[in-house]
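Taken in sequence, the protein lines are chains A and B. Going letter by letter, the first sequence gives residues 1 to 393 in our numbering. Going letter by letter, the second sequence gives residues 394 to 763 in our numbering.
There may be inaccurate statements among the hints.
[As the list claims (entries may be wrong)] Residues of chain B clear of chain A, computed beta-carbon distances all greater than 12 Å:
no., residue
1, E448
2, A463
3, D481
4, R484
5, T486
6, C488
7, S546
8, I606
9, G619
10, F620
11, G682
12, G697
13, L736
14, D739
[Stated by the list, open to error] DSBU-like, lysine-lysine: derived pairs with alpha carbons at most 30 Å apart:
no., chain 1, residue 1, chain 2, residue 2
15, A, K37, B, K574
16, A, K107, B, K475
17, A, K37, B, K469
18, A, K340, A, K328
19, A, K107, A, K328
[Said to hold, decoys possible] Among chain A residues calculated to face chain B with C-beta under 8 Å, some are:
no., residue
20, G35
21, D38
22, A39
23, D101
24, N125
25, K214
26, P308
It should be emphasised that the hints constitute simulated quantities derived from the structure, not laboratory data. Owing to the predicted nature of the structure, the values given are computational and were not obtained by experimental measurement. Where a beta carbon is used, it is the ideal one built from N, C-alpha and C, also for glycine.
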Amino acid sequence: MSTTTTQKHKLAPEQIEAFGKELDDLRARIVADLGEKDAAYIRDIVAKQKKLEVAGRALLWAGWFPPAWLAGVTALSLSKIIDNMEIGHNVMHGQYDFMNDPEFTAKNFDWDNTIHADSWLYTHNYVHHTFTNIVGKDHDATGYGVIRVTDEQPWHPIWLLNPIFCGTLQVLFQWGTAIQELESEKFFAGEKTWEEMKPGLRRFRAKAGKQALKDYVLFPLLSGPGAPFTFVGNMAANLVRNLWSSSVIWCGHFPEGAETFSIEETEDESHAQWYYRQILGSANFTGSHVVDVLSGNLSYQIEHHLFPDIPAYRYKEIAVEVKALCEKYGVRYNEAPMAKQLWSVWKQVFQLSLPDSTYTEGPLAGLREIVTFPFRKKQPTAGNDGLQVVAAA
Amino acid sequence: MSRMQVLTSSRMGRRFLDSSFAAALATPHSVDRYVEMIDPLWSRTETRAEVTDVERKTADSVTLTLRPNATWAGFKAGQFVKLSVEIDGIRRTRCYSPANSQFRRDGKIELTIKVDPNGLVSPWLLANATPGMIVQISPAQGEFHIPLPHPRSILLISGGSGITPVMSMLRTLTDRAYIGKVTFLHYAFTPDDVIYREELEEIQAKYEGVRIIRAYTNSDEGDLQGFFSREHLVAADKHFAEAETFLCGPMPLMDGVRAVFEAEGISDRLHLEQFAAPTRTVPTDEATGELVFAASGEKADNNGQTILEQAEAAGLNPDYGCRIGICNACVSTKLTGITRNVLTGDLNTDNDVNIKPCISAPCGDVSIDL
Numbered sequence: 001m002s003t004t005t006t007q008k009h010k011l012a013p014e015q016i017e018a019f020g021k022e023l024d025d026l027r028a029r030i031v032a033d034l035g036e037k038d039a040a041y042i043r044d045i046v047a048k049q050k051k052l053e054v055a056g057r058a059l060l061w062a063g064w065f066p067p068a069w070l071a072g073v074t075a076l077s078l079s080k081i082i083d084n085m086e087i088g089h090n091v092m093h094g095q096y097d098f099m100n101d102p103e104f105t106a107k108n109f110d111w112d113n114t115i116h117a118d119s120w121l122y123t124h125n126y127v128h129h130t131f132t133n134i135v136g137k138d139h140d141a142t143g144y145g146v147i148r149v150t151d152e153q154p155w156h157p158i159w160l161l162n163p164i165f166c167g168t169l170q171v172l173f174q175w176g177t178a179i180q181e182l183e184s185e186k187f188f189a190g191e192k193t194w195e196e197m198k199p200g201l202r203r204f205r206a207k208a209g210k211q212a213l214k215d216y217v218l219f220p221l222l223s224g225p226g227a228p229f230t231f232v233g234n235m236a237a238n239l240v241r242n243l244w245s246s247s248v249i250w251c252g253h254f255p256e257g258a259e260t261f262s263i264e265e266t267e268d269e270s271h272a273q274w275y276y277r278q279i280l281g282s283a284n285f286t287g288s289h290v291v292d293v294l295s296g297n298l299s300y301q302i303e304h305h306l307f308p309d310i311p312a313y314r315y316k317e318i319a320v321e322v323k324a325l326c327e328k329y330g331v332r333y334n335e336a337p338m339a340k341q342l343w344s345v346w347k348q349v350f351q352l353s354l355p356d357s358t359y360t361e362g363p364l365a366g367l368r369e370i371v372t373f374p375f376r377k378k379q380p381t382a383g384n385d386g387l388q389v390v391a392a393a
Numbered sequence: 394m395s396r397m398q399v400l401t402s403s404r405m406g407r408r409f410l411d412s413s414f415a416a417a418l419a420t421p422h423s424v425d426r427y428v429e430m431i432d433p434l435w436s437r438t439e440t441r442a443e444v445t446d447v448e449r450k451t452a453d454s455v456t457l458t459l460r461p462n463a464t465w466a467g468f469k470a471g472q473f474v475k476l477s478v479e480i481d482g483i484r485r486t487r488c489y490s491p492a493n494s495q496f497r498r499d500g501k502i503e504l505t506i507k508v509d510p511n512g513l514v515s516p517w518l519l520a521n522a523t524p525g526m527i528v529q530i531s532p533a534q535g536e537f538h539i540p541l542p543h544p545r546s547i548l549l550i551s552g553g554s555g556i557t558p559v560m561s562m563l564r565t566l567t568d569r570a571y572i573g574k575v576t577f578l579h580y581a582f583t584p585d586d587v588i589y590r591e592e593l594e595e596i597q598a599k600y601e602g603v604r605i606i607r608a609y610t611n612s613d614e615g616d617l618q619g620f621f622s623r624e625h626l627v628a629a630d631k632h633f634a635e636a637e638t639f640l641c642g643p644m645p646l647m648d649g650v651r652a653v654f655e656a657e658g659i660s661d662r663l664h665l666e667q668f669a670a671p672t673r674t675v676p677t678d679e680a681t682g683e684l685v686f687a688a689s690g691e692k693a694d695n696n697g698q699t700i701l702e703q704a705e706a707a708g709l710n711p712d713y714g715c716r717i718g719i720c721n722a723c724v725s726t727k728l729t730g731i732t733r734n735v736l737t738g739d740l741n742t743d744n745d746v747n748i749k750p751c752i753s754a755p756c757g758d759v760s761i762d763l
């Protein structure tokens, strides 16, 4: 994500409105078609996920036998990935609310992950999807406060560790998202009191405690003498899920070309302008059908951001029309193979670890900025970049 | 029953599935979600039922026999249940009164559904209901039932498909060998339209204390002809003022009976059950009707704004997030009435469905669970 290759304001306001109208029409057509096919799809996916989960747990019960351990971890990893991505994420967006079935109603659903559903509904469904990529409002747009993903986050020597922060967050992704709503960097910076932290902490304890009990106590105990194998196997499955889902999410908004926005420029935006921002701020990645399912169809991140409450497996057919519309209006449609998008993300994570002057004024200027940082007068910091404040304090 | 179902049918198995240990293993999902892999009927929380028999007793009705799972707590004759079926991927819920005796030995539930040709659920059931189908039902609800101890004299009045709750009362009374007097006045177009005609004849032949009066509006047969009147009432039971009367039927019948009882000054002896079919009339653009916030007991005159705005104006504090219909934070259950999606103009006419209050405006009377 960077601001260097922006396309901002290339479309005239009336063009944006016409573009938005066509997207509304597209949406209406899909909504009118929702029904049995979609219900059958999600039920089928849930049935498969449950089989993988049961198989994974059963195989890990014989985890002392290496092939069983490996197969068990594979099945359980896939189960957790599908549970989180194609089922949990999408059901909790209300994509299947139209079924009116309590089992598939967003408000009733919770996933096999440490982040509490209510917490996610707030940080993701509300904040991230409403204020997508608005620096200062969308916590995701500034790397959750722990990764520098845009040059709109001011540089500080702590960002020399940017690649390490990024890798660590990937490994611990489920725990990172579980405490995301706390915005704990604000607590350490003194912007948030302990009292304000309490409701979120309570949710965290309730959900994460149950998850840990299941994966790290009860199922290992059920394995008797094989407990260590089950323990490590469950940990491995959670790790695989963490690496995969964070990679999918990184690819959605952090690749080069995905734009960020300021609070001022998005004030009073129309419904069509909101659509426009969603497209400019998101990136798709291409891959096989299996990749689509395992990513919860977030491979169609653009379509997901346009229509977050339409069943995700439909994005593939919707994408054909969205792409054609983007071509018609000359709107950039950011799409590349997954490997390329991931590469682009990591390249930027490394680049942004160094001061911006490295690229604008040359490596020497960058080096000078790093060395002299402790002796320079503090500039007033803009935005709500927590870590900057933490490090300066 | 497969061998695996021993888990759900044995006492040990059920005790395990009900335990907090099983819940901790299944977390964050419900135990049901996994058990239904081997037994689709089993649930700890939801009353699911298997359709075991489908009969089409008259041309425009369908009678379902249901075998409910262990969560079914029974009902009192006269009460109703909410039946949910999935039609084209969407769960639809309607109220029906069981017609069977509350003491039925096999524990099954009999629902007789009158087909409304303009409706959605009843024609679908007529065409598609088959044994083996799994449906959901709610716990029994409603105050329409015979009080205990039973009154000495009971008058039952029904019209058309309104026969089901009073049929349940009649069967329950005969099942428990009730020794008082029962008079049953039933209205139908013609004899062919009486859903339980043969059984009613059998009951009359068997029980001396039961008197059955058939009234037909479009036929010369039967004991009485034409619509309800005071004369009909007297002909059915001249001591009607001493009885407790239970009434269920179409609106004109209900209004007629109510008026006579009011004139007699015995409204307190009249108990009635009334089902409103979902409204299908397309409303005008003008803001009319009343918005009822069922959970908080507040009410407001509809002013045409979104339900979220009207709830806030009424002093409520509902959850919300984006206020533009994308984040789901405000989703609530619309109990009755029609709402309009202010973004698309689409109307939602179903009862008991989730809507987004931030982009829904009421059209006429609406009740919402806020």
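We went through each hint and held it up to the structure:
1. E448: Its Cβ never comes within 12 Å of chain A, the nearest being 26 Å, so this holds.
2. A463: 19 Å, holds
3. D481: 4 Å, violated
4. R484: Violated, since 4 Å does not exceed 12 Å.
5. T486: 8 Å, violated
6. C488: Holds, because the least Cβ-Cβ distance between C488 of chain B and chain A comes to about 16 Å, which exceeds 12 Å.
7. S546: Label holds. Min Cβ-Cβ 44 Å, cutoff 12 Å.
8. I606: Given a closest Cβ separation of 42 Å, the condition holds.
9. G619: Correct as stated: the minimum Cβ-Cβ distance to chain A is 43 Å, above 12 Å.
10. F620: 39 Å, holds
11. G682: 23 Å, holds
12. G697: Consistent with the label, G697 of chain B stays out of reach of chain A, its closest Cβ about 20 Å off (over 12 Å).
13. L736: Non-interface label on L736 of chain B violated, nearest chain A Cβ at 8 Å vs cutoff 12 Å.
14. D739: Per Cβ check, D739 of chain B is inside 12 Å of chain A; nearest 8 Å; violated.
15. A:K37 / B:K574: Violated - the C-alpha atoms of K574 of chain B and K37 of chain A are around 55 Å apart, more than 30 Å.
16. A:K107 / B:K475: 21 Å, holds
17. A:K37 / B:K469: The hint is violated at about 39 Å.
18. A:K340 / A:K328: 26 Å, holds
19. A:K107 / A:K328: Measuring from Cα to Cα gives roughly 38 Å; hence the hint is violated.
20. G35: Since chain B brings a Cβ to about 4 Å from G35 of chain A, closer than 8 Å, the hint holds.
21. D38: 6 Å, holds
22. A39: 3 Å, holds
23. D101: 5 Å, holds
24. N125: It holds, given that the least Cβ distance between N125 of chain A and chain B is near 4 Å, below 8 Å.
25. K214: 5 Å, holds
26. P308: With a closest approach of 6 Å, the P308 of chain A hint holds.
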